[in-house]
Each structure stands twice: as structure tokens, then as C-alpha cells.
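Novice: Residue strings, one per chain:
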Amino acid sequence: MSDDVVTLAHGAGGKASRRLVEELFLVELRNPLLEPLADAALVSANGTRLAFTTDSYVVRPLVFPGGDIGELAVNGTVNDLAVSGSTPLALTAGFVIEEGFPMDKLRALARSAARAATAADVPIVAGDTKVVERGAADGLYITTAGIGLLDPRAALDPSCVRPGDRVLVSGSIAEHGIAVMIARGNLELELDVDSDTAPLHEIAAALCGLGADLRWMRDPTRGGLATTLNELAAGAGMSVVLDEVAIPVRDNVRSACELLGIDPLYVANEGKLVAVVAPDAADAALELLRAHPLGAGAALIGEVCADDLPLVLAETPFGGSRIVDMLVGDPLPRIC
Amino acid sequence: MLERLPDGLAKVDFGGVRRSVSVAFTPEAEAGDWVLVHVGFALARLDEDEALATLQLLGEAIDAELSA
Amino acid sequence: MKYVDEYRSAQAVGAIAAELRTLVEPGSHVKLMEVCGGHTHAIYRHGLDTLLPDEVELVHGPGCPVCVIPMGRIDDAITIAERPEVIFTSFGDMLRVPGGRRRSLLEAKARGADVRIVYSPLDALSIARDNPEREVVFFGVGFETTAPAVALTLLRARELDLRNFTVFCNHVLVAPALRAILDSPDTEIDGFIGPGHVSTVIGTRPYEFIASEYHRPVVVAGFEPTDILQAVALLLHQLREGRAEVENQYGRVVRDDGNPEALAALERVFTVRDDFEWRGLGPIPHSGYRIADAFADLDAENRFEVPGARIEDPKACRCGDVLRGMAKPFECSVFGTACTPEKPLGTCMVSSEGACAAYYAYGRHRQKVIA
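So the sequences go chain by chain: U, V and X.
With the first letter of the first sequence counted as 1, position 186 gets the number 186 in the numbering used here; the numbers rise by one all the way through.
If you want the numbering used here, it's the 1-based position in the second sequence plus 1000.
If you want the numbering used here, it's the 1-based position in the third sequence plus 2000.
Pulled out of the complex, with its shape left as it was, chain U reads as follows:
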């Protein structure tokens, strides 16, 4: 790795993040359970299969339209468990708090986390708190870890994906990232968009009912749908061809993205999942998703194709197609 210091690009969820994990952490921590680099690791104990995952939350600002860091920290880990095909059993939460942080704000965020945990039917069973000097933690960082019980019906892996499989998304994209960007206040844009943060355990479990017809699921967080689909293409060794027009984006989110020169495909989501299903199961999968409030906007967005150079391609309404590459650094606005 030629980078000699860590930059913000390494945290954006795209190519640089991937390099940091693969060329530093994987090299140092190497073990067979880590290598698949899935959202959750699968651990076996006496014949019981568990999913185990962790995530850190450093969102700025701490409170944004539609949610806050407490809710995000719970939902994020619940979702990593859900898309690995497991029922969340328990969470832990570690809080790194900056000296001077107002107690009533902390209480409100803890309450949010508690509410989110209740909504996801999962208890927070253990935790830790640390306080650091003023200036060292940006207010509050939360790390959550979670274990889940693997659904026996689920056999999820990129290697299960076949050419012709369909790609679905559970609803409209880019809302969380845009809500947070606007809440930061630097861009002076006003729009009504809420973060979509939500627990996906119910819709994920519903999809597990499809058995082997459900090949793979993931929640497209940092780096957006584009990054997640690139991981799919790389993992499956096949191309993903998207129908650009079919990808659901709310009008005002699309406008905000156009204004900022950002592609919605690269903007984070916190309450959506992507699923790959067998072609014959696509209609059933959409029905299952749409039957739930969190999946009401579910759509069929693409198809998997055999290819010797696995890429994500988006077909435009005019018959052209473009490569949807992995995110390179932070999405930056364009100027002309």
C-alpha cells in the first residue's frame, strides 16, 4: 500500500477503504473466519451457527432529520445481522464520550438507542463507556457489536449467485447520506428528507423464506448502492447490469444530488437492503418486500450476467451504458 497516512478517503467505504482492510488489517489479523469479509462473520459453536458483527458510528452531526447516532448504531448492527440471514439475539454498545458532553443530550441518545433496540426485538446486553478529553472525540462515538442466530433456510454467499439472477432493492436510495450532508449545514440547502435508518430484520427474514432462491443480501451503507454492487460483482465473478430508470430515488433527493454533483448510487443508505434472487423468485420476493412498510418501494433494478471482466454497468434510457465503478474517495461536488 503506497499511502503512508490514513486519509478521509480511507473511511469513505470505497476503493481506499477496501485497500485499508485488505492490505493492512487482513494481513495482520489473518484467519479463515475473517477472510470472506462479509458484513457478519459466521461462527459455529457446538453445531449452532451464529453470525457475529461489529460497527462503529462516527456520524456528524449526532442528530439529523429522521434519526440520531443512537438509533443508527443499533439499526446498523441489526441490519448487518439481518442481511447475513440471521435473527439478532443480542447487542453490545460501547460509548466514547467527549468531556463536556451535555448529560441530557447523552440521555436522549441512549433513549433513542433503547427505542431502536426494542423496535428490532433485540436487547442491548452489555456495554462500556469511556470519557476522553475535550477535542478528542467529536462529541460521541458509538461502537456496537451483535450476535444473531443463523436462519437454517438461508444459504447466502456470492458464490451462490448465477447468471440471470435478479437484483432487487427494498426502496428508494440516497436518503440517509443526503439528510446527514444537509444537516451538517455547510451547504445551505433546505429540503425535506429524512434519514431512512430502520431495522431490516423482518423483511430480511421474510426473504429467507425463499430458501435457496435467495442468493445474497447486503445493506448498502457507506459508499452506497454502487459500492455494494461492486462487491457483489467481485465476489460472484459476474457483472451486474442495472436498469438506471428502475432505481428508485425520490425527486427531491435526486435534485439535491444533481445540485451537489453527486451520484445517488454512491450515497449511503441505512434502512435499505439489496437482494439477489433466482429469476423465478423475483416476483415473489417483490411481493414479500412490498407487503411490509419498510419494503413498500421495493423494485427490480437489474440482473446478473456472466462476464470475464466483472463490472457494474448501468444502462441508460438512450441505449448507452456506463460503468458504475467503486467509489474513489469521498463523493465530491463538480464544478464547471
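Hints in this document: simulated from the structure, not taken from any laboratory.
Keep in mind that the hints are not guaranteed to be accurate.
Unchecked claim - Simulated restraints on C-beta separations: (1) X:A2309 to U:R134: 39 to 45 angstroms; (2) U:R19 to V:D1049: 51 to 57 angstroms; (3) X:D2186 to V:L1005: 49 to 55 angstroms; (4) X:V2272 to U:V132: 51 to 57 angstroms; (5) U:A45 to X:R2083: 53 to 59 angstroms; (6) U:A90 to V:L1002: 45 to 51 angstroms; (7) U:E23 to X:V2306: 55 to 61 angstroms; (8) X:R2310 to U:V132: 43 to 49 angstroms; (9) U:V132 to X:D2297: 38 to 44 angstroms.
What the hints assert, rightly or not - Chain V is nowhere near these chain U residues, computed Cβ spacing over 10 angstroms in every case: (10) V21; (11) E23; (12) N46; (13) G66; (14) E133; (15) P158; (16) A234; (17) A256.
Beta carbons are placed, not taken as given, at the ideal position from N, Cα and C, and that holds for glycine.
Got chain U; can you put chains V and X on it based on the hints?
Specialist: Okay, now just chains V and X, sitting in the frame of chain U:
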């Protein structure tokens, strides 16, 4: 453009997103007009007659193609 | 959005594409250049180049003001940004551009420099007002589309008597660059798609020399797929009829005389430099703005010392050829290998509007298919 604001600014709606922009370069623009905005400045007022003329040409092209 | 969707209609696009096929002689070769990053981006994003008849070749000129900033000037910007008292504000696109030692503003930020992305120069002004004890510098980059906004910001800074705000001015002019390309001995451009948004400011008159002195047609175009294809149609009509005129396809926002208030602001606040270096093209006379003497105290180059070094592009870099339309991105030996959007060697890969970056994102798999 939604409304004029003090200090040479105006509130503009971009398909559901609102922001205040400078109208120093489009003093003739009024609420209800469409403007081209670049880095926080309205650069031009959309001329509806011209816009319709261009759309007209597009329409003719479509008709020509359909009847070909 | 109204006035956007109608111009994107697939049906209209298909119709014009069909019309284009009737406007070329089979076996002929027409080379059209566009000089606007927004056009490059739009063409690739919508795959418009695949809709053109084989006889028509589209090349991408120096339409990306981010891309043409010389590496030495980036180093100067980084030098300013690294000063502890400075808050360095910039459009987002500039952050990844590497300077002479492959360092960029983004890296400087990672090492502790206070570098902030702003959407508008007015936001930089607000930061200056909110932080009176710090020095706020705005990285002025862009063609005549952006320069008036910066001019007005400087006028406002003067009105407010702000002592802690300066601009590092790297604004460039489009017309002199076009002349430089036409003067280049191996240029074979038959016609130009004129930049859309620059023209809302400068109008269509500055392009008249292209028609009168160099006998090439120019059509100023909008950014929707139908606009661009319509402009190509108008150019092909002119070529068929042996005409060389400046036409305006983007009449809904471009007036022939441009925007008088914006032009006045430019006149007041900026002076044209004798020459300015364009990365990939070398020095071009009268192609850059500097801040006028009356506003010298708001000029970052007067307030801060900068190295001011001239740094050559790596030998393997063929950006100059790509910018003049003499080479395609994939014809450069380092395209996609040593030179990628993540680690750009030359200007054309640097911003998403650069020809190579656009091609890398949108076109390279097609090249694989053709090969």
C-alpha cells in the same frame, strides 16, 4: 425562483430542494421565473419563448422520424 | 424538474440520432470538438457518442477548468493551506488534484490543514465573517461561468471591509484556449460545440473569430441529450452547406450579448494576465484572470508567499494530445494503468469532467468489447 429576499438574494427551489442564491446577475428575475444557478448565483433567466421554440424543434424531429 | 425532463426524452433523442445519419456522406470523417466539462460528462453519461453516425467523431477539448490548473499552482495552494492561521476553502473537485509531489489538498487536510469544501464563494465569505481571527482563502477556479461569482464575492468583501479574506485566483478564459487549439499545427477540428454555461455570461460573440478567421462552425449547446444532439445536427447542416457561423442552440438561457451585469463585474474586479499556463497545453496568451490592482489587498498571491514553481507533467502523459483532440484516452500508454482517477498522472484524469476520467468511468468497457 420562489421569492425575493433582502440583500440581492432570492430563494430558489431546485425540484424540491431550496437554497438562497444571489440574483445580482439576474435583476429582472421575479418569483415564478426559472433561473440557471451556478455556485450560488443565478446566471440567467429562462426565456420561455426560446424554451418552447427548442421544444418545438424537438417535436418536429420526432414527427419526422415517426412518419419516416 | 420542469424544463429538464422534456429535453431528455428518449423519443426525441432517437429522432435526432436518426436525422444525423441523413446528414453525413458515407465514408466521410467529421471531427467535432466540445470544450465544456459539462458536455463531456453528459455525452458519456448518456452514451451519446454511441448514437452518432460512424462518420462523426467527437473529441473533448480543454473544457475542464479543474484539470488545466498546473501542478505548480496546486502546490502553491497547498502551501497556503498548510499555514496554521489559514482556513482554505475550495470547490470539492479541486481537493483530489495532485500537485508536483503527488500531494493534494485532500492529503494536506489529512495531515492537519484546515481545508473546507464550499458550494459557493459566498459561503467562504460567511466563514471569514464567522472566524475573524483566522485568514480565509478561497481557491478561485473555473471559466467565465464561475469568475463573475468570485468577482461579486470580492466586491462584497470590499463592502464589508473584510480584512481576513483573500482569493487565490486561477480563473481561465475559454476563447483564447480555442484560438490556441486552432493555431496548433496538427489540429483537424471541423467544428465546435460551444460551451453552454460559459456562454450565458460571455454570450456568443467571443466565438465569432472561429467562424470569421478560421472558417469553422460553432454551435453553443445546452446540456441535455437532445441539446447536444441538436447542436451536432446544426453543425452538420452548416458543414454540408459550406457555412461557418456561430449559432445558438441554447437560446433559452444564452443571449448573444451574454450577461451584462456579470461581464461588468468581471471588468471591474479582474485584469487579464499576459499569459497563463494551462496544464497540458502550455502558456496561452491572455487566457487567465488575475485580481485587478484596485483589489490587490484581497489577492492571496499578495498576502502569502508561494513557491510559484513550474512543474512538468510526467513524460508518459499525453494530456496535451488528448486536449487538442489528437489522441483518445485509451491511446495513452498509461491510461487505466499508471494513470487512474484515484492516482491521476495528468490533467485529463483529474476531475470527473476530464476526458480520460469520463472515458474511464463510462467508456472503457466498450473499448474492451471493440478490441
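Novice: To test your reading of the hints: which numbers does this structure violate?
Specialist: 7, 17
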